[in-house]
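Using the sequences provided together with the hints, build the complete structure.
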Amino acid sequence: MSLNREQLLEYAKKQVNTEDVRREDYENVIYLLDHCQITVPAENRFFVDVNCNGIQREIYRERCALFQPLWEEHGLMPGIRGGAFAGDHDFGHTCAHWESVLSLGIFGLWKRVGEYAKQAGDHARKQEFYTQLDAVYQGAFRFLKRAADSARAVGKHEMAESLEYLTTDAPRTMYEAMQTVIVYYVLQQMFDGSPLRTVGRLDKLFAPYYSSDRRAETEALMLDFLAELDRLKADANMPFALGGTDAQGNCLVNELSYLILNCYRKSNTTNVKFHILCSRNTPEELVLGGLDAVREGKNSIVFLSDEKVIESLVKIGAAPEDAVNYHVVGCYECGAEGEITCSCNAKVNIPKALELTLTDGVDLLTGERIVPARGADFASFEDLYASFTDTLRDLCRGAMKATDLIEANYHRIHASPFFTSTYPSALEKGGDLYADQTAKYNNSSVNGIGLATAVDSLVAIRKLVYEDGTLTLSELLEILKTDWAGKEPLRLLIQNRFPKFGNAKPDVDAFAGDIVDVMHGEISGKPNAKGGVYRLGLFSINWRWAFGAKTAASADGRRKGDPISQNTGASFGAHREGATAHLTSLCAIDSSKTPNGAIVDLDLHSSSVKGSNGLKTMYATLKTFFEKGGFSVHYNVLNTEVLKAAKADPSAYPNLQVRLCGWNVLFANLSDREKDEFIARSMKG
Amino acid sequence: MTGLISGIKRMEIHDGDGCRTTVFFKGCPLRCLWCHNPESISFAPQVAFFREKCMGCSLCVGQRTEKTAENCPTCAQIFYGRTVEAEALVSELAQDEDYFRNSGGGVTLSGGECLMQGDFAVEVARLLKERGISVFVDTCGYVKREILERIVPYTDRFLYDIKAIDPAVHRRCTGRENGLILENLAFLSERGCDVEIRYPLVKDYNDGECDKIGAFLQGMKGISKIKVLQYHSFAASRYEALGMENTLPRVVTTPQDVAQAVEILQSYGLPAVNGISED
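Same order as they appear, the protein sequences are chains E and X.
The numbering of the first sequence is the working numbering, which starts it at 17 and goes up by one.
The numbering of the second sequence is the working numbering, which starts it at 188 and goes up by one.
Some clues are possibly wrong.
[Unchecked claim] Straight-line distance between alpha carbons at most 20 Å, and here's what the computed SDA-like set of lysine to any residue pairs gives: (1) 479(E) <-> 246(X); (2) 390(X) <-> 419(X); (3) 412(X) <-> 628(E); (4) 249(E) <-> 108(E).
[What the hints assert, rightly or not] Quick partial rundown of chain E residues pointing at chain X, CB under 7 Å, derived from the structure: (5) 509; (6) 512; (7) 597; (8) 629; (9) 636; (10) 639; (11) 640.
Bear in mind the hints are in silico, worked out from the structure with no lab data behind them.
Ideal Cβ placement from N, Cα and C applies to all residues, glycine included.
Structure representation (structure tokens):
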């Protein structure tokens with residue numbers, strides 16, 4: 017009997033007492049499998065739709081809320097309220113062990129549970145786990161049979177027969193492999209409730225099912241597959257990856273890489289994005305194809321440096337063979353094979369650390385003390401900078417503490433049967449990935465946000481107070497307190513004329529490098545509450561708006577409440593010397609210290625990338641950046657005239673996409689303020 | 188050795204192969220009516236004043252100097268005419284060395300007329316070459332032969348403007364006759380230099396010169412490309428800001444005009460390309 021969403025939620029909510037979360041969640045998942053409503057969208061070729069997405073997520077959010085009062089008890093609330101730092105659970109940003117999923121299939125994943133159970137002997141707690149997991153898979157088979165019946169009832173025989181087959185053996189054909197990916201996605205995302213943030217390296221995963229003589233047939237399948245992925249409407253887009261290298265350093269690009277790229281270019285998806293993993297031996301043709309797609313307006317491709325990603329993962333303790341087979345588990349952040357990254361656990365507001373340095377630890381906006389007083393009368397800029405780094409370390413510790421308080425209770429918050437069943441380490445250890453923390457690497461992450469805003473502000477303070485003597489520090493603080501009231505010429509002078517990060521000025525860029533070193537020293541490799549370590553990242557996504565809203569005016573000319581800088585790049589409009597200078601500045605950062613991602617958004621005007629020389633230049637720029645140690649690049653190729661026209665008449669440009677922060681959005685869906693920001697960016701590009 | 192420049196533009200794709208940085212030298216012997224770099228005409232430093240950007244803060248106390256321009260909060264004042272040491276300039280340009288190498292790009296000396304600051308231009312070109320950086324020289328050709336001779340060894344390609352063949356037309360459009368320009372072009376050709384011709388097409392001014400240009404260049408060796416550039420009047424606000432008389436022709440050169448000129452030049456067997464679409 018199928019139930020509506022409210023009824024399903026009502027059942028699940030009975031199980032929020034947190035005493036035996038694994039049993040409760042596995043039972044919930046079985047209930048959802050047996051009682052969810054199944055619909056078969058007419059356009060779907062591979063799988064059905066269900067009505068239980070987000071239910072288990074509501075459950076774990078309720079359970080998390082039970083532990084959030086711990087932040088108050090530990091004195092963290094002034095910092096969290098003030099937007100100085102944050103730290104919480106992250107059950108998303110996961111990557112299934114896709115090699116297991118594809119090579120074994122849903123049936124094989126179940127069978128493997130049984131094999132581990134046999135080896136575990138009479139270990140009671142382990143056997144309880146295998147029995148629970150077996151029951152979930154029995155539920156999955158009942159659900160798949162129900163799905164097959166529903167598909168057959170509407171005449172979808174290809175889907176129905178293949179689904180039935182997949183309950184008996186591993187995929188053999190490209191169609192079955194694609195179906196397995198989507199079925200698994202639905203099982204983890206919609207039933208487990210652990211958001212799945214990549215469908216993996218598709219060129220590598222699908223290679224065993226491909227042969228050149230089936231090119232046309234594969235293309236047709238791939239277009240349908242991408243369209244169906246798109247319709248799953250994953251939050252912040254559904255990523256996949258192409259390229260990369262194997263443990264011997266061999267390039268993994270194959271015929272399918274090009275086929276997938278070309279299909280992506282032909283498809284009209286708005287909710288699928290992908291990553292090209294660029295190594296020194298990645299064929300130029302693949303990268304050029306990706307860049308050419310970007311020029312055409314397919315802004316959702318991110319280019320990552322394979323070598324830098326691997327180096328950064330090894331640095332935090334991943335075995336080289338796991339690091340090389342990494343996955344991008346979201347927008348830009350990477351995790352080794354077998355790693356739980358929790359890439360969006362925690363964040364630190366870097367400009368806020370500078371605000372607190374000037375105020376001796378008190379939040380200018382809330383008036384609350386966030387860090388201990390350590391004096392704010394600085395005889396030299398060096399004294400001020402030293403105090404700033406101490407405050408920044410305080411905020412890093414606050415973010416990790418807030419995270420630890422929640423993560424120490426994962427065993428009382430969430431369990432994830434399907435996700436768990438794909439990880440060999442979890443089967444070996446005999447427990448759930450979250451409730452029993454059985455991943456090979458149980459890591460957590462902290463992102464530093466507003467790096468450029470902080471650097472530009474430090475440089476402005478040094479110049480105004482300690483070099484030119486234009487103002488005293490207390491006069492400057494008064495100006496920031498009053499949000500530049502009556503000081504507009506000074507504000508604009510600083511904003512438009514002072515040196516800024518992003519212009520290849522070594523004495524400015526050095527601050528960025530040093531701040532990252534300070535954060536790396538405080539965060540990277542430090543133990544978390546799950547037996548793993550912390551990882552540093554430098555992406556801001558849309559948090560820069562939320563943190564900016566809680567940050568007073570800053571010395572770089574930014575007004576109170578305005579957003580802080582985006583990702584790892586220059587402040588808005590501050591990179592006046594063009595893309596090469598912007599990238600050169602980024603290279604002041606040692607990105608082997610940022611496994612959780614360091615991303616620059618390059619806004620290029622369409623006229624600056626036109627023609628064959630434009631494409632050649634884009635390629636050379638990317639290649640050079642990676643040679644010099646860059647981590648990843650994302651492009652927005654913008655045409656001012658087109659954006660202006662689309663703002664004036666959205667209906668005329670229904671498909672115009674821009675990359676908002678880590679994902680793509682339709683330009684028509686942005687607020688006027690955001691549209692204006694893109695228009696202004698296009699003129700600078 | 189020092190020189191005077193009006194600006195530097197990095198990651199330029201319109202001035203030749205690959206990713207290039209263009210240095211705009213200050214000062215030009217010609218007065219092309221359609222000049223789109225009016226800030227590079229005078230040999231003296233200048234401050235441009237963009238009235239519409241002025242917020243009336245009075246920080247400049249009504250003055251227009253290098254200092255007041257640097258401190259103008261809204262960039263209503265812009266200073267053109269930085270004095271630079273050749274070695275310092277080359278170090279600055281070399282920041283993008285790796286980008287040049289990977290793209291087959293380099294530095295383009297432009298202006299103004301870079302060869303009017305002959306010793307400085309030669310020194311910059313020599314230092315760039317020493318570092319293995321490709322050098323293009325963008326010239327109007329109205330320069331001393333001796334300077335051309337000296338810069339040839341350090342130049343990978345000349346971007347050479349031909350605006351008209353008829354001396355009267357040339358004088359009307361640029362204020363100078365073109366004898367020296369055509370002779371210098373012949374010299375570079377004879378010397379075996381790589382020369383890319385730039386023909387800025389201005390409707391009703393020099394579009395009638397197309398056939399003559401074709402005939403003149405026919406058979407000339409070393410001409411790797413002839414790029415027909417579409418005239419635009421985007422520079423109008425800068426003439427006003429610099430307090431210069433706006434000489435920009437009030438005509439429109441259409442993409443069709445450019446395409447037609449390309450066709451005519453091609454009919455002379457010349458490697459003409461359309462500057463709008465590039466390829």
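Structure-based check of all given hints:
1. 479(E) <-> 246(X): Holds. Residue 479(E) to residue 246(X) sits at ~18 Å (cutoff 20 Å).
2. 390(X) <-> 419(X): Distance ~11 Å between residue 390(X) and residue 419(X) Cα, so the pair holds.
3. 412(X) <-> 628(E): Holds: residue 412(X) and residue 628(E) sit about 16 Å apart, inside 20 Å.
4. 249(E) <-> 108(E): Holds - the C-alpha atoms of residue 108(E) and residue 249(E) are around 15 Å apart, at most 20 Å.
5. 509: 4 Å, holds
6. 512: Since the shortest Cβ distance to chain X is 5 Å, the answer is holds.
7. 597: 6 Å, holds
8. 629: Cβ of residue 629(E) sits 5 Å from chain X, so the hint holds.
9. 636: Since the shortest Cβ distance to chain X is 3 Å, the answer is holds.
10. 639: With a minimum Cβ separation of about 5 Å from chain X (threshold 7 Å), the hint on residue 639(E) holds.
11. 640: With Cβ-Cβ at 5 Å, under 7 Å, it holds.
The structure agrees with every numbered hint stated previously.
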